[in-house]
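Trainee: Single-letter residue listing:
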Amino acid sequence: SQQGEEDPQALSIQEGENATMNCSYKTSINNLQWYRQNSGRGLVHLILIRSNEREKHSGRLRVTLDTSKKSSSLLITASRAADTASYFCAPGDTGRRALTFGSGTRLQVQP
Amino acid sequence: GAVVSQHPSRVICKSGTSVKIECRSLDFQATTMFWYRQFPKKSLMLMATSNEGSKATYEQGVEKDKFLINHASLTLSTLTVTSAHPEDSSFYICSGLSSPGELFFGEGSRLTVL
Chain A
16 SQQGEEDPQA
26 LSIQEGENAT
36 MNCSYKTSIN
46 NLQWYRQNSG
56 RGLVHLILIR
66 SNEREKHSGR
76 LRVTLDTSKK
86 SSSLLITASR
96 AADTASYFCA
106 PGDTGRRALT
116 FGSGTRLQVQ
126 P
Chain B
130 GAVVSQHPSR
140 VICKSGTSVK
150 IECRSLDFQA
160 TTMFWYRQFP
170 KKSLMLMATS
180 NEGSKATYEQ
190 GVEKDKFLIN
200 HASLTLSTLT
210 VTSAHPEDSS
220 FYICSGLSSP
230 GELFFGEGSR
240 LTVL
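Line by line, the protein sequences are chains A and B.
Counting from 1 along the first sequence, just add 15 to a position and that's the residue number in this note's numbering.
Counting from 1 along the second sequence, just add 129 to a position and that's the residue number in this note's numbering.
Watch out, some of these pointers could steer you wrong.
What the hints assert, rightly or not - Straight-line alpha carbon distances no greater than 27 Å define the calculated BS3-like cross-link-like pairs of lysine-lysine that follow:
(1) B:K193 with B:K170
(2) B:K171 with B:K149
(3) A:K41 with B:K170
(4) A:K41 with B:K171
Hints were generated in silico from the structure; no laboratory data involved.
Pulled out of the complex, with its shape left as it was, chain B reads as follows (with noise of 0.2 Å):
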C-alpha cells in the first residue's frame, strides 16, 4: 500500500511553546490530507481537511488559529500547534488520499506539553 511519513514521532515541549508535525506521502501525490487527534483509548476524531494550494477546512470545536495546517505541495502537510498548552496533549495522526475513497495514515506523533 501507499506510504505516508510523519515526523516526529514524539515531541516533548514546554508550555506556550508551538510544535510543527510534518506530514509526507512518500509514493503518491496527495492533493487531500487528513490530520486527526486521537485521546488514549479512544477512538481517531477528524480535525482539519487539508487540500493543497488551498486553506485547510476545520472541524467544528477546532481553532484554526490554534492549530495551523499548510499543504504546501502535494507531498507535504504540516500541522504546528500554536502556543501549546498541557491540554494539546495527545497523539495526532495525518493520512493521505491516495485515490477516491482510500486513505493511509502515518505513524502518528505523540505530543508532550508540560
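Chain A on its own, in the form it takes in the complex (with noise of 0.2 Å):
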C-alpha cells in the first residue's frame, strides 16, 4: 500500500481547542484509515473511511475524504490533554497488503 504524508508534523493546541491534521497520498485507494499512537504504545484505529464517503463522525472524530484532492482530514474537537499522541493516516486498497506510513502528526494539547 502506498504512504500517506501527514501535515503538520507537529501541533500544539490548548485543551479545549479543536485540533486538524491533513494526509495527502498520490494513487487511488479503497479507503483510508487514521491511528492515534501514544507514546511507547500501539496503534489504535481511530476510523476507516471508504472511497465512496465523504465525511465520518465518531464521538469527537470527524474525517473528511477529498478523493479528487487525494486528501483526507482529521478533526478533533474540544481537544483534551488526553488527545496528545502522535496521528498516522494510512491509505489502503482492498489486497491484503500491509500499511505504510509516513511520519505522523505529533499533537500536544496543553492543559
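Two chains, two frames, some hints: make the complex.
Mentor: Encoded structure:
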C-alpha cells in the first residue's frame, strides 16, 4: 500500500480547542484509516473512511475524504490533554497488503 | 474494533539470547499478520508479512534468519529475535488483517538487549 503524508508534523494547542490534521496520498484508494499512537504504545484504530464516503464521524472525531484532491483530514473537537499523541493516516486498498506509514502528526494538547 | 493482543509488552535480555514475541487476534481470524519495527520518534517500518500456514515474506534488508516468524494458526503469529544484539533493541508491533485493507494493531513489545 502507498504511504500517506501527514501535515503538520507537529501541532500544539490548548485544551478545549479543535485540532485539525491533514493527510495526502498519491494514487487511488479503496479506503483510508486514521490511527493514534500514544508514546510507547501500539496503534489504536480510530476510524476508517471508504472511498465512496466524504465524511464520517465518531464521537469527537470527524474525518473527511476528498478523492479528487487525494487528501483527508482528521478533526478532533474540544481537545483534551489525553488526546496528546501521534496521529497517522494510512491509505488502503482491497488487497491484503500491509499499510505503510508516514511520520505522523505529533499533537500536544496543553492542559 | 477488532482486538490484537501482543505479549510480552517489555522484555530485557542478554546479548546472544533469543526472544519470542507473540501476537494473537482475539476476536477475529487473521490469515495475514504484519510485523513492524519502530525506532524512537520514528514511524513504523514494515519488517515482514506473516501468512497462516506458509512462509513469511520479508521486506528488503530484514534478515529472515534473525527474525523468525511463525504463523501456525489463524489467530497466532510469533516473532523470534534470534541471537539478539543491542542494535536489535527496538519497539516491535504486530497487526492483524481483519478484512481487506483493515488493520488492527497490538500494543507493541519493547525489546532491550543488554
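Trainee: Hints numbered earlier in the text: which of these fail when held up against the supplied structure?
Mentor: Structure breaks no hint.
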